[in-house]
Amino acid sequence: MGYNLTNLAYLVTIMTFILALRFLSSPAHARRGNQIGAVGMLIAIAVTFAKSGLTSYWEIALGMLAGGGFGAVAARKVKMTAMPQMVALFNGVGGGAAALISLAELHRILPAPGTPKVDIGLAIVLSALIGSISFAGSMIAFAKLQELIGGRPITYAGQQFVNAALFLGCVAAGLALVAGVQQEWLLWALAGGAALFGILFVLPIGGADMPVVISLLNAFTGLAAAATGFELQNNVLIVSGMLVGASGTLLTMKMGQAMNRSITNVLFGAFGKVTAEAAAVASGAGGGTVRSANAEDVAVMLAYARKVVFVPGYGLAVAQAQHDVRALADILEAKGVEVTYAIHPVAGRMPGHMNVLLAEANVPYPQLIEMDDANPEFARTDVVVVVGANDVVNPDARANKGSPIYGMPILNVDEAQAVVVLKRSMNPGFAGIENPLFYNPKTVMLFGDAKASIVELIQDVKAL
Amino acid sequence: MSHNTLLVFEVTILVLAIFLGFEVISKVPAMLHTPLMSGTNAIHGIVIVGAMLVLGLGHKGPFTWVIGFIAVVLASANVVGGFVVTDRMLEMFKKREPAKPVDASQNGKGDV
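Line by line, the protein sequences give chains V and H.
Terminal number for the first sequence in numbering that gives the first Met the number 0: 463, no gaps in between.
Terminal number for the second sequence in numbering that gives the first Met the number 0: 111, no gaps in between.
What the hints contain is simulated information worked out from the structure, not anything from laboratory work.
Idealized CB from N, CA, C, for every residue including glycine.
Some hints could be false.
Partial list, computed: chain V residues near chain H (C-beta under 7 Å) [as the list claims (entries may be wrong)]: (1) Arg21; (2) Ala29; (3) Ser55; (4) Phe89; (5) Asn90; (6) Ala142; (7) Gly221; (8) Met241; (9) Ala245; (10) Gly351.
Derived PhoX-like pairs: lysine-lysine, alpha-carbon spacing no greater than 25 Å straight-line [to be verified]: (11) H/Lys94 to V/Lys78; (12) H/Lys93 to V/Lys334; (13) V/Lys441 to V/Lys400; (14) V/Lys334 to H/Lys94.
So here's chain V without its partners, still in its complex pose (with noise of 0.2 Å):
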């Protein structure tokens, strides 16, 4: 296939990435754009297969299968509460592999003088240390909400010196290299530095902060590929790569907004750390008494009530509670009450987590209610039942100027006539911050595994 084909195929399946993501604005046909983002795939892997001069196809269609087998089987195995950590898996081999494209590429045109030329180097050098630092950084991510490794964030002195000074190497390797150092060498001690820099990196981060680094490193990924376009000039490669890269980013600094921090907290802050001695100053507020209730209780009030929101969190996805919940709401509605979700834009472990769990048991989505459209509805509600959320409800980000928390967006359930909060025990959240909605006279605790919980209260709602 020549040049200019080629490039018209190109076109097309730039064109079907764009519809895909543009159909993604509504749930009704955000499954039909994939479909049609796949198909342009298809095209772009087919036209590459027909490009004048390549070679090698059994081992590419050897490696196809391997990859995508791996691929089409874990992604199918895969729990719905376990979606975080296989986004940041499939990630990670993309951020690899746009590194390894740039170790091939100067290897395959270092021996002629005088390359390479500056943008092809600046290309190659950008690729390596993206796609190195996306790949490292997604693979410990993935550990981390794997639980392989420990989910609190992991510091030590001198943490952010040794960082800057390891990144700062990396550059300098790149420098080097654009600068017309024709040694290989280089580019495979940055590529190492850039993903020894992704480890460092990403394990001082805290789980809860894990839909933020999970979205930055999409669009690494994204820009890496970018960035291997220009190394083998081909517009395809561009454009999707960086149209992933301008969401990424965007969807990284919405995520930000939505816990009212700069991105640079979350990924310098070792959130977790700080907080645990800024909790002690937000543990003021609290100190009342907590009111413990059976499921017997909760049930009556559920049943009698007018109209009951749903506020999920990561809790829901660990006790894997979302089918009981919309079998509770199913009981209540059958009863007449109006029962609604609402979502918090960081609830989970990744930006519409919750939503996608829900979606999963059935609850349809004109209920899944976000926070904006939520808020209002508070003061009109009999019961809130918080399930396994805490700092995404916790007045204290209103009121409590001491709280590590203070200014982030809430969900303003306190608002409700009353709140029923399914918990473990009283421990507090992921950063050891007080809430005192546990201790408003409105709130109710119900102890417990929150999946046992939601049984027992489906059981007493049956019974009434």
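Once you've looked at the hints, dock chain H against the given chain V.
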């Protein structure tokens, strides 16, 4: 096309892609942010094209072969895994199950 002309052209489409990316994504509701991440994740699997070119163009000995082959494997996992996972997620987003009544406009609300 000379090298520099091509470069200017590439930078042009890069910048346009940035604006397009911002524009398209700002319309995605928070409800679909996980499928959005997973879907864009699948799209950057386009590096598979680069991996194929590295493995398949020219004959550069075992080193490029090995690196290129690993790149193809990784990129394929990214592409297939990304699209399949996204499809699984989006399949679940439904308005209402067909079996259930479309509008539950109950009269005796509250007095159960």
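Supplied contact hint for V/Gly351, tested at 7 Å Cβ to chain H: OK, holds: V/Gly351 within 7 Å of chain H, min 3 Å.
Given the hinted pair V/Lys334 and H/Lys94, is their Cα-Cα distance within 25 Å? 21 Å, holds
Checking hints one by one. Is V/Ala29 an interface residue toward chain H, by the C-beta closer than 7 Å rule? 5 Å, holds
With chain H as the partner, please determine if V/Met241 meets the hint condition of a C-beta pair closer than 7 Å. OK, holds: V/Met241 within 7 Å of chain H, min 4 Å.
CA of H/Lys94 to CA of V/Lys78, is that 25 Å or under? 22 Å, holds
A closest beta-carbon separation below 7 Å is what the hint needs, so does V/Asn90 meet it against chain H? Cβ of V/Asn90 sits 5 Å from chain H, so the hint holds.
Mind checking the alpha carbons of H/Lys93 and V/Lys334 for me, to see if they're no more than 25 Å apart? Within the cut-off at roughly 23 Å; holds.
Could you grab the alpha-carbon distance between V/Lys441 and V/Lys400 and see if it respects the 25 Å cut-off? Holds, at about 23 Å.
Tell me if V/Gly221 is really an interface residue toward chain H, meaning its C-beta lies closer than 7 Å to one of theirs. Where the cut-off is 7 Å and the nearest Cβ of chain H is about 5 Å from V/Gly221, the hint holds.
Interface restraint verdict for V/Ala142 against chain H (beta-carbon cut-off 7 Å): Interface hint status for V/Ala142: violated (17 Å vs cutoff 7 Å).
So, as I understand it, the hint says V/Phe89 touches chain H; can you test that by seeing if any CB pair is closer than 7 Å? 4 Å, holds
Using Cβ atoms only, decide whether V/Ala245 comes closer than 7 Å to chain H, and label the hint accordingly. 3 Å, holds
Going through the hint list in order, the structure does not satisfy hint 6, though it satisfies all others.
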